[in-house]
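Novice: Given next are the chains, with one letter for each unit.
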Amino acid sequence: MGFTVFYLSLIVLIPLGATFLKTFSAGWGHFWETVTGARALASYRLSIGASLIAAAINSVLGLLAAWVLVRYEFPGKRIVDALVDLPFALPTAVAGITLTAMFAGNGWVGRWLEPLGIKVAFTWLGVVVALTFIGLPFVVRTVQPVLQELDPEFEEAAATLGASRWQTLKRVVFPELFPALLTGFALAFARAVGEYGSVIFISGNMPMKTEITPLLIVTKLSQYDYAGATALAVATLLMSFVLLFFINLLQWWSRTRYA
Amino acid sequence: MNNMTVDNSHHGTERSTPISLGEPRWVRALLIAGALLFLTLFLLLPLIVVFTEAFKRGAEVYWNSISEPDAASAIWLTLIAAGIAVPLNLIFGVAAAWAIAKFQFPGKSFLITLIDLPFSVSPVISGLVYVLLFGLQGWLGPWLAEHDIKIIFAVPGIVLATIFVTFPFVARELIPLMQSQGSEEEEAARTLGAGGWQTFWRVTVPNIKWALLYGVILCNARAMGEFGAVSVVSGHIRGLTNTIPLHAEILYNEYNSTAAFAMASLLTILTLVTIALKAAIDWKAQAQGRKVQAIRDEASVEASYEY
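Those protein sequence lines, which keep their order, are chains A and B. Read in order, the letters of the first sequence correspond to residues 1 to 259 in this note's numbering. Read in order, the letters of the second sequence correspond to residues 260 to 566 in this note's numbering.
Each hint should be verified, as a subset may be incorrect.
Unchecked claim - Below, a list of computed lysine-lysine pairs in the DSS-like style, where the Cα atoms sit at most 25 Å apart:
| id | chain 1 | residue 1 | chain 2 | residue 2 |
| --- | --- | --- | --- | --- |
| 1 | A | K209 | A | K119 |
| 2 | A | K77 | B | K537 |
| 3 | B | K367 | B | K468 |
| 4 | A | K77 | B | K543 |
| 5 | B | K543 | B | K468 |
| 6 | B | K468 | B | K361 |
To be verified - Every beta carbon over 10 Å from chain B, so not counted as near; a handful from chain A, in silico:
| id | residue |
| --- | --- |
| 7 | R39 |
| 8 | L64 |
| 9 | P175 |
By construction, these hints were calculated from the structure, which means they are not laboratory data. Beta carbons: idealized from backbone N, C-alpha and C, even for Gly.
If we strip away everything but chain B, and leave its shape as in the complex, we get (with noise of 0.2 Å):
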């Protein structure tokens, strides 16, 4: 009844598209502005906040709190850590994609659902699993000791526990992608003379190249922003162990709200440069998908005409 009320006093000011198809005016401003509402709280105003705690007591606080030398060793471990983590995860990706898409095998599903699984199982966990394995009392733990290598409260275990939390990242964007696109290309290459490695770098990667970098991107912000995980084998040893989100959560809890958020405003720039980035490929592969189909469009086109 209300609906048909509505519908009727608007006939005349939505002209293009028939009432029916779309809502009315103040139907739809009331639904984006709720719509942005709920986004403006829940994203804008948690960036905001980050920055103006940031530099709440003056830029000169800010570089001092980032560059002390606690603050210095986070970095340098984050970096590391995720140096390592995004190279190893790439060639991963690239693998099991490869091997997904392209062959048949049997229990191919269940290991679909083994590289989802660092999504669906806490970050804790997988954490936990290090300790339980490398850890003192640990399966390697007395072997370890005898040989006076240390992994969980070092360095070793932050990697490893970064590898394992980021490893779907690659491999989850390649594979509907690959899936989708089938082996005709490469095949036609070998057809042609190419061999493996070509067939690789020049068909391959091309068709390949925005998942990639998208999901290159998203492990990375991944990698270095890892909290639970990380912080479950870290030991939280200051200058030693600590990563900017670990080093962050320190200075938290002391109440160095300031520097704490100088930290938190690292990653959040890490964060914004991500997204940027995500949404500048999604731009461009759409516009490239674009140009491809309309290439292709005109080759039916042309083929239909030679018929």
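This is chain A alone, in the form it adopts within the complex (with noise of 0.2 Å):
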């Protein structure tokens, strides 16, 4: 117990007391101007846009792929649902080259996106593609649970009770599974504003367009503008753990609404 707390507060609640007390220290002027700065805001509307979209692709098409993986059988499937822990464990720095040689003009995919007159690396597309891979397990993995331990007998009451199989999903099994969504959206969402590794090297990283506010967090490191950087981290901090506890709120909504 006593070597828990002790751990703990040596890695994390001393570091951030010192961002925090760090950032101050330069006054209260100079947070808010690097903070609210034109190219901090470009920094997180695209951060922010960009998670959103991914993590709203990834809760489409992490329901279709728990869906697949829990109520059909076919052949792989077994190889297919390890599969999607890949973005979990793959380094995101190989995530991030592997993606722009895929999507880059002369890429396997990029080759056949090109002449359509769609760019993906090195615009926000780029970004939202690097960041929808990362988000991809926690949608799947969080849905999956919750598909497996559904009970048929209310698929089979709702059909006995006339209602067409459309009807049945979207009145009963859908909001059973509507609380794990959520929940899977958020944490896709989450770790998605902070990616760092599999973004950057498909952004292109140019200022006010493709730069994401965790890349001008390490570019104003390596100017040592330190004040600025930290500034920048706090702001982000405050939206992750605003974030943190939105997710803890809705797994307690969820909870207490399906218990």
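Hints given; two lone chains; assemble the complex.
Specialist: In structure tokens form, the structure reads like this:
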């Protein structure tokens, strides 16, 4: 017990305290200026916007994948199921250079998209692709267990009472899955907002256009603007805390509602 | 309307399950195809790309790229960082999960939130706090400089950042499991005269071994592949403070993509081994779970006979 608290305070609390104090040592004015600068605002817009889009894509396609993996049988199912963890276990830098190679103009996928006028690598679309990749396991892995536990009796009852398959899915199955889906969305989103390694290769990193907030922090740090980097970090941390709180609230809400 | 006609037309073909409980065959096929297309594009294709790019110029170039001195030192540093971070986090994870699952104390939920923190904080920020703490302009920086101890832009910083980023893995696997198991078995062992350590090794460890292994494997994968946090504290000194992912980044930015993908392929192999082990543990734990469940069912049946 004592060891746990000691270790945690050593590793988390002290550095975090340092972060906050360091920010305000440079004064509130400087903090506000950095956090609301044009370049910072553009980076939030990209980071949060692309993360929302990626989490939304993952919610739809992740639900589809979870459904197929739980309810249907097809050859290679177990391998596919195991592969879902790939983005979670694959180092982000590897994901970054690989996705860039795939979606660049001469890449395996980019080659087919370029003639259609769709540029993915080095645009905001590339950011969405990278964030979709790293968020993929979250929705699948939160929805899957709920779907597995779902008693078919309810669906049978609905069907017996004359509901069509679509009605059963919409009125019986979906409400059961919804809390898990929301949690998966929030987790994928939270992960995407802070993501660095997989994005910096595919985004092209043009200031105001394809620069994400974590990259801006690293840029400030490499210019020895420690106060600026910390100010942005605190802004991002506050967003993370709000999200974490939101996730806990969601879990609590779904538990009280469906317990 | 549409659904009704579909239901009717397939009434004869699906005899085993009533039609209103399953989807028509063409819907199934469409959904499976859609899911597989998405997963192939995002999961399988990247794997193939890593290895084709790495072997683009033949096996010899591949071998040279992973055995040249800078690459070898990157591999060595990665092994050191993981070799320190994983055992420490294993001990911490067990201790934390033990404290949270078996005892009641104020601030418990706060502790759980703290453990989750590295998952919800950007890796860049994790690295930043160490720079602020140990860097030259940081809190302890001047003192460290006086005593000629280098942490940031040196190996200790990389190890610290790795520990921070990977510390939730073991604890998070264990907490829900130990919470659900409760402490009845431990209490029984203590009543029968077992000592603290004996109880831990004979009762607790066998109960949690699969989750423990699971946590360690995931922790190791992340420790070896961490990029953001390590990148901030490393200083990118070739041959000295570059881990495998950082070395891959440098090579990639130098347009030496074959060598970059060769480094990436090492990490990809690690990832594949991780996933395979994880799937094997899942399978094994499930099989064992069924066996334990069967024994328990039998026991409860026997118990009910006795009454």
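Novice: Verify the proposed pairing of B:K543 with B:K468, using a straight-line Cα cut of 25 Å.
Specialist: The given pair, whose Cα atoms are some 11 Å apart, holds under the 25 Å limit.
Novice: Does the no-contact call for A:P175 survive, Cβ to all of chain B over 10 Å?
Specialist: A:P175 is indeed farther than 10 Å from all Cβ atoms of chain B, at 18 Å.
Novice: Run the distance test for A:K77 versus B:K543: straight-line Cα separation, threshold 25 Å.
Specialist: 17 Å, holds
Novice: Would the hint linking A:K209 and A:K119 be met if the CA-CA limit is 25 Å?
Specialist: Answer holds: A:K209 to A:K119 is near 14 Å, not above 25 Å.
Novice: Taking 25 Å as the top limit, are the C-alpha atoms of B:K468 and B:K361 close enough?
Specialist: 17 Å, holds
Novice: Take a quick look at whether B:K367 and B:K468 sit within 25 Å of each other, Cα to Cα.
Specialist: At roughly 24 Å apart (the allowed maximum being 25 Å), B:K468 and B:K367 satisfy the hint.
Novice: Given the hinted pair A:K77 and B:K537, is their Cα-Cα distance within 25 Å?
Specialist: 16 Å, holds
Novice: Is the nearest CB of chain B more than 10 Å from the CB of A:L64?
Specialist: 5 Å, violated
Novice: Take a quick look at A:R39 and tell me if its Cβ sits farther than 10 Å from every Cβ on chain B, holds or violated.
Specialist: The claim stands: A:R39 keeps its Cβ more than 10 Å from every Cβ of chain B (closest is about 16 Å).
Hint check: a violation occurs at hint 8 only; the rest are consistent with the structure.
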